[in-house]
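**Q** Sequence:
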Amino acid sequence: MQTIDSGRPGPAHGTSDPTGPKIPPGPDPQPVPPDPGEPPVPGPTGPRSPYPVNDPGIADPTKPGAEPDYVPPVPPGGPGQM
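Residue numbering for the sequence shown follows this note's numbering, starting at 97 and increasing by one per position.
Wrong hints could be hidden among the right ones.
[As the list claims (entries may be wrong)] Simulated restraints on C-beta separations:
hint	residue 1	residue 2	range
1	125	159	38 to 46 Å
2	164	134	39 to 47 Å
3	140	160	18 to 26 Å
4	135	167	46 to 54 Å
5	158	138	26 to 34 Å
In case anyone wonders, no lab produced these hints; they're calculated from the structure. Glycine included, each C-beta is placed from N, C-alpha and C at the ideal position.
Input sequences plus hints: build the corresponding full structure.
**A** Right under this line is the structure:
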């Protein structure tokens, strides 16, 4: 009885890996230190508020986003019918 792979041409078992040699990963890159001549970037100074309504001026009507969302009316007869 023959096996299925006996008639196929190709590399024999035990030969080199068809995907190529295994290359080990390189070392992790080291972080670049900041330039001593540049001032550090300021970060947050305190705990962050989870709600923007606590921000001063959030309800100012002259700022973007103060207008209510526009929802178009539903046409007579329901949506999708004309």
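**Q** So, for every hint listed, does it hold in this structure?
**A** Against the structure, the hints come out as follows:
1. Evaluation of the 38 to 46 Å hint for residue 125 and residue 159 yields a pass: the beta carbon distance comes to about 43 Å.
2. At about 44 Å, the CB distance of residue 164 to residue 134 agrees with the hint of 39 to 47 Å.
3. Between residue 140 and residue 160 the beta carbon distance is about 23 Å. The supplied range of 18 to 26 Å therefore holds.
4. At about 47 Å, the CB distance of residue 135 to residue 167 agrees with the hint of 46 to 54 Å.
5. Under the hint 26 to 34 Å, the C-beta atoms of residue 158 and residue 138, about 28 Å apart, fit the expected range.
Violated hints for the displayed structure: none, as all numbered hints are satisfied.
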